[in-house]
Amino acid sequence: MEILVCLKQVPDDSVEIHLKPGTEEVNLDGVTPVVNAFDTYALEMATRLKEAVGGSITAITVGPEKARDAVKTCLAVGANQGYVISDPTFEDADTLGRSKILAAAIRKLEADAGKPFDLIFCGREATDRASGQLGPQLAEALGTGVIVDLVDIEQTDAGICAKQETEEGYRKVESALPCVVTVNKPAYDPRYPTIKSKMAARKMAIPVLSAADLDSVEPGKPTAHVVKVFEPAKRQAGVKINEETAAESAIKAVDMMAAAKLL
Amino acid sequence: MDWGNCKDILVFLEQKEGKVVNVSLEALTPARTLAGLTGGKVLALAVGTDNAAAAEKAAPLCDGVLSVEGAAFIDGCSDAMVCALEAMVNKYAPAAVLAGNTPLGRELTARLDARKGLGSVQDATALKIDNGTPVWTVPLYGGTVLNDVVLDTLPVVATVRSGAFSKPEAGEAAPVTAEAVEVPADAIKTKVVEAVKEISESVNLEEAKVIVTGGRGMGSQENFALVEELAQLLGGVVGATRPAIEEGWVSRAHQVGQSGKIVSPALYIACGVSGATQHVSGMTGSGYVVAINKDEDAPIFDVADVGIVGDVMKVLPAMIEEIRKRKAE
Chain B
1 MEILVCLKQV PDDSVEIHLK PGTEEVNLDG VTPVVNAFDT YALEMATRLK EAVGGSITAI
61 TVGPEKARDA VKTCLAVGAN QGYVISDPTF EDADTLGRSK ILAAAIRKLE ADAGKPFDLI
121 FCGREATDRA SGQLGPQLAE ALGTGVIVDL VDIEQTDAGI CAKQETEEGY RKVESALPCV
181 VTVNKPAYDP RYPTIKSKMA ARKMAIPVLS AADLDSVEPG KPTAHVVKVF EPAKRQAGVK
241 INEETAAESA IKAVDMMAAA KLL
Chain E
1001 MDWGNCKDIL VFLEQKEGKV VNVSLEALTP ARTLAGLTGG KVLALAVGTD NAAAAEKAAP
1061 LCDGVLSVEG AAFIDGCSDA MVCALEAMVN KYAPAAVLAG NTPLGRELTA RLDARKGLGS
1121 VQDATALKID NGTPVWTVPL YGGTVLNDVV LDTLPVVATV RSGAFSKPEA GEAAPVTAEA
1181 VEVPADAIKT KVVEAVKEIS ESVNLEEAKV IVTGGRGMGS QENFALVEEL AQLLGGVVGA
1241 TRPAIEEGWV SRAHQVGQSG KIVSPALYIA CGVSGATQHV SGMTGSGYVV AINKDEDAPI
1301 FDVADVGIVG DVMKVLPAMI EEIRKRKAE
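As they're listed, the protein sequences go chains B and E.
Just so we're aligned: the first sequence equals residues 1 to 263 in this note's numbering.
Just so we're aligned: the second sequence equals residues 1001 to 1329 in this note's numbering.
A couple of the hints might just be wrong.
Unchecked claim - Once the Cα atoms are required to be at most 27 Å apart in a straight line, the calculated DSS-like pairs of lysine-lysine come out as: (1) Lys-1209/E x Lys-221/B; (2) Lys-50/B x Lys-1191/E; (3) Lys-261/B x Lys-1191/E; (4) Lys-1191/E x Lys-185/B; (5) Lys-1116/E x Lys-1057/E; (6) Lys-1116/E x Lys-261/B.
As the list claims (entries may be wrong) - Where chain E lies over chain B, by a calculated footprint (3+ residues, C-beta under 8 Å): (7) 6-16; (8) 139-146; (9) 160-166.
For the record, the hints were derived by calculation from the structure and aren't laboratory data.
From a predicted model like this one, the values you see are computed outputs, not experimental measurements.
Here a beta-carbon is modelled for each residue, glycine too, at the ideal position from N, C-alpha and C.
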């Protein structure tokens, strides 16, 4: 099976991001760029599928050339080859624009390889903007089906059967190939690279494709304009209770809840 | 903002087994604000196999219900639903299209945007009008940074966060109009073959007045029962953090936070919860926060009105006993 995994480099989501004091500028100083967590789940699911049915995984990202690091990380944990799609004219592309760029890149890679991708994986959302738009929009650009929020996938005679998480449980959804899927957190964690796989990834070339390499792609102008960047009003920390015994602390807290007429 | 000939506001009513989901009804409130600007109607769009219950629920809250019914529109068949949404957008030329920020709401609006070349906002937590232009507030980085955003394409497309807006007051029931939409066979690319219900309990965190949440610090499923006991005593609902759910102590229907429910009860009691951003961003709208944690520096104390530093397994039983005693008096 020919598999493509689309990924995005985002600021480390284990770090609390704030604004530089007194400005509208997001402070990303010292925050490590990482592969979006949901994209790592997508890659792990893709890798398990590849291990089960055979095939090859290509990882791609649209971003600055330094997004190569994100692709390299993926090469050490399951991806067989990787590309960065980078061009100055792509810099202010919004999600819809990026879906068009990715679609053009996919067509280019398919033409070069002489075979189509069967399955295209994306994370359900990126941890920075959490819009969840890219997968469905990429499917629209490619004219394929899309199944969102997967927690598992298997190959069938006719294509794939996906386990889609719902609020009450799950659905089994089938699709012919090609198909775009977006991945939620599965029951398993992404694997870690080994020293050997890291060394191998370091040696692999990660080509950069620019607008000139792609066939007539027009990401269009962003249609959403940010007019203000700010932080939510902070809650004030109240009182801390740390009495001799747990019982005394509990009674004091219950007194306060009662005084606030909450019981 | 120049609305051209676009006036009406279309709100997608998401249904589960024929029951309309709450956030769709909440979306009728920002829709009303927008209709005030454009001079149009608030139209609720129900798409399903049987829309009777959803239409009845929405009719008193809007100016008209559009009902698209058919065998193709089963739960989970987003391919058919996006056809219906697109057809209604083409027919009514709305000034805005709103939906709840659910997986389905996000997917349908994303696909509508792709088909019609539109911009959109997701997970809007507020709507202001500035000089006749709608300004949406959306969260970034798990909610530590907010952006105010304006869109320059029509219709304006937005998904709204659950709990961010309250449902409108009920008025007289608006008319329900049946709309026929043909779904071309080649538009259906995916097929739901099975729907499994693993979680049968109904957990209404969004409308709860009291929530008692347990985190990793509860330590075990046995201990987690204390969280349930306190919630029951206070007539509240049990909440949980992601680690507690991953441990299997409680079902994910109870999850509070970025990837769970956004809540705003009058009283929120966090037991053995450290206070990770992903969790805190889902509960900062609470009226009064009580936190119990043995780590004096736990970030949950930064957002707590009352922070009890201590062993949750000693504090919780004492708290339950004390509240029970006072209730008996």
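For which of the previously enumerated hints does the structure constitute a violation, in increasing order of number?
Violated hints: 1, 3, 5 and 6; rest satisfied.
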